[in-house]
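Participant: Sequences are here, hints too, so could you generate the full structure?
Per the working numbering, the sequence shown starts with residue 2, numbered consecutively.
Among the hints, a few may not be true.
[To be verified] Pairwise CB distance ranges (calculated):
1. Arg122 to Arg9: 22 to 32 Å
2. Glu141 to Pro12: 14 to 24 Å
3. Glu141 to Thr53: 27 to 37 Å
4. Glu101 to Pro29: 19 to 29 Å
5. His167 to Arg122: 32 to 42 Å
6. Glu133 to Asp72: 39 to 49 Å
7. Asp70 to Arg147: 48 to 58 Å
8. Arg152 to His26: 46 to 56 Å
9. Ser50 to Arg9: 15 to 25 Å
In short, the hints are calculated from the structure, not lab data. Being a predicted model, the structure only gives us computed values, none of them experimental. For every residue, glycine included, the Cβ atom is placed at its ideal position computed from N, Cα and C.
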Amino acid sequence: MTASRERRITPRGAALELAVLGLLHDAPMHGYELRKQLIALLGWGRVLSYGTLYPCLKALVKGGLIAADEDPDALVRGRRNRIVYHLTAEGKDYFAQVMEESGPAAWDDESFGVRFAFFARTSSPNRVRILEGRRSRLEERLENVRQATLRGRERVDAYTQELQRHGLESVEREVRWLSDLIDRERNGGPASDQKDQAPPETPPGQAAAGE
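Facilitator: Spelled out as structure tokens, the structure:
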């Protein structure tokens, strides 16, 4: 076990680490470019500061999952030193190991969207297990929120009711989207081949109801 894995880490921190490893799996990057790619991946208005990113990178370097080297091109051009991060062999193995996990942590609100972004790097049976787990969690959440809404309907105003309705509809859309993905995975085709299927308006991992 690496040093990075021995420390305690929050679900959001674990999701950020997985996103970093997944992006560096494709190509080495400077911190600036990596931050841009992470914002695009995590997205939906979430701001990722360097004060959050660089401690994460430092921990991954310390754990041996990524390496940090000076950019030789920057030195040739006479610019200040720039660090390029790349995945190590241990990092590739660890990323593959995590992507094959399909327990509750794989479909929670923090990590599901990141895992879904890298679904091509895991097996179809594993994808189905994660999608089913996510759907079950949202269905349970829907039922709880519906019951709470019915019990409190007389105590809230019209704007609160409208917000609750919007939240329920957002989660219902994600449940339908997940069901469609599960059906297509079981039929043997990668979900990304279906161009006519739009994702839910509320992004995966950002369910509006019951947050």
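Participant: Each hint: holds or not?
Facilitator: Here's how the hints hold up against the structure:
no., hint, result
1, Arg122 to Arg9: 22 to 32 Å, "26 Å, holds"
2, Glu141 to Pro12: 14 to 24 Å, "18 Å, holds"
3, Glu141 to Thr53: 27 to 37 Å, "31 Å, holds"
4, Glu101 to Pro29: 19 to 29 Å, "24 Å, holds"
5, His167 to Arg122: 32 to 42 Å, "34 Å, holds"
6, Glu133 to Asp72: 39 to 49 Å, "44 Å, holds"
7, Asp70 to Arg147: 48 to 58 Å, "53 Å, holds"
8, Arg152 to His26: 46 to 56 Å, "47 Å, holds"
9, Ser50 to Arg9: 15 to 25 Å, "21 Å, holds"
The structure agrees with every numbered hint stated previously.
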